[in-house]
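Peer 1: So you can see what is in the structure, the chains are spelled out below.
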Amino acid sequence: MMLDNTKGKTMALHDRIKQRREEKGLAAIELAQRAEISKGYLSEIESGRASRPSGDVLFRIATVLGTTVADLLEREVRPASRAVHPMLRALATEEELPDEDVQMLAQIRFRGDQPETKEDWRYLYESIRRSIGRRP
Amino acid sequence: MPARYWGSREAASIRKATGLSDPITGMQRLADQLLDEGGWDQPPAPPAILASFQGVHEVRLATMQSAGRLVYRDSHLVIEINEEHSLGKRNFTADHEVSHTLLPTYAGQSIDDLETGMFLKGSEEELLCDIGAAALLLPPRWLRPHAVVGGPSISTLLDVASVFESSLEAAARQLTHLDCWPAAFICWEEGFRKDERVAKGQMMMSGFERFGGPRPKWRICRAYSTRSFHHFIPNNKSAEDTSLVAACCEGDRFTWGFEDFDLGNGPLKMYCENYYAPYRKGDTVRRRVISVLVAVPPQGNQPTVPSPTQMEIL
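Which chain is which? The protein sequence lines are A and B, in order.
Quick note on our numbering: the first sequence kicks off at 1 and runs consecutively.
Quick note on our numbering: the second sequence kicks off at 137 and runs consecutively.
Everything labelled a hint here was simulated from the structure, so no lab data went into it.
You may find that some hints are simply not true.
[Unchecked claim] Between beta-carbon pairs, the in silico distance windows are:
1. A:I128 <-> B:M254: 27 to 35 Å
2. B:E251 <-> A:I29: 45 to 53 Å
3. B:P281 <-> A:E94: 56 to 64 Å
4. B:D248 <-> A:E44: 36 to 44 Å
Bear in mind the structure is a predicted one, so any value in this text is a computation, not a measurement.
Ideal Cβ positions, reconstructed from N, Cα and C, are used throughout, including at glycine.
Bound conformation, chain A alone (with noise of 0.2 Å):
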């Protein structure tokens, strides 16, 4: 996917970075030891000072937080995600569906259509639930 870092931002990367950090419960100096980075520099990529750290920087930062580049870069990496049938999305909400199966779901086509009900879809989840549940 082309890769476009501007679009539907919320949020710019410095503040991101403490955002989830304080989330974590992680001290400053925490994070910084740990990212192997000084507390200074970290300083002054939370307040926007610095110029965008590295992607080796970026990576153990993320992986401190628990979190990915992605993440922290807020992303869009799975842009097909969007395209899920409102009838699909309107099953997924009531019944709490996973994502992934979501996901499945919303890339099933046959010649071309897909479900046009939510009960449409409901039988269609059933029955790849039922016949994956059969298998020995």
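Here the structure of chain A is known, so what remains is to put chain B in place on it, guided by the hints.
Peer 2: Here is chain B on its own, set in the frame of chain A:
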């Protein structure tokens, strides 16, 4: 040469996303953009970091039959790689999985790749992901200086595989795509002509036992040639038992010199360097010779004799 026909959703989505009519070039462009995002200026670009840029939480080794897979573990997308494979193969597979996430059609689904690096034309998605992996692991912009300075030689091949942390054949394929010089890398393995292959357990005709069965010869099983190497390389063509190709399995594992190669139009004298590089696949060790063929030998005295390398596990 007529352009290849692409019929898959994946190919169409790359064309649409990149504005390029050739999905191969489009895939390479997507790979380049990911490398640019990471800001590296020299190899290797670590697959785990590339994966993190694509929302993958971890690249981990696992006990598995497949080469690699994209799966969810504890609701996080991870890449799992066959722990038994060599570093170069593992890197290629990890980049192959990352390439799946580069496709505009990727929607977070799990993927299991029994094999990678086959560049099979039968599956466009897998072919495009192999091309993406090659572009991520051996980017032309970093590879070209090595090729230009090193020239077509076994030393260049081994140097590239080491610096880029790739397998020998992945390096050979990418080097030839650059077309910096007219040359070919040929992989020889022992095998039979099609009409010599016998069924397992087939008995010899009575009275003919003393003649023995057909003996395997060194045969071309894979070849990578530059566009400027204007010779067709026929698959399964054999090398003579007295050839430099066969000789490099004995002793020093490296031979070089001029040799007559019959590529289908009569003997052609070419300069070659041959390196014995067996590899393990599953439980089987396969004997393999990798040759580089050029019409004109590189300048200078005798070639650098390469140091032995660890056996690849593919």
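Peer 1: Does each hint fit the structure? Answer for all of them.
Peer 2: Hints versus structure:
no.: 1; hint: A:I128 <-> B:M254: 27 to 35 Å; in the structure: 29 Å, holds
no.: 2; hint: B:E251 <-> A:I29: 45 to 53 Å; in the structure: 47 Å, holds
no.: 3; hint: B:P281 <-> A:E94: 56 to 64 Å; in the structure: 58 Å, holds
no.: 4; hint: B:D248 <-> A:E44: 36 to 44 Å; in the structure: 43 Å, holds
Consistency note: the structure conflicts with none of the earlier hints.
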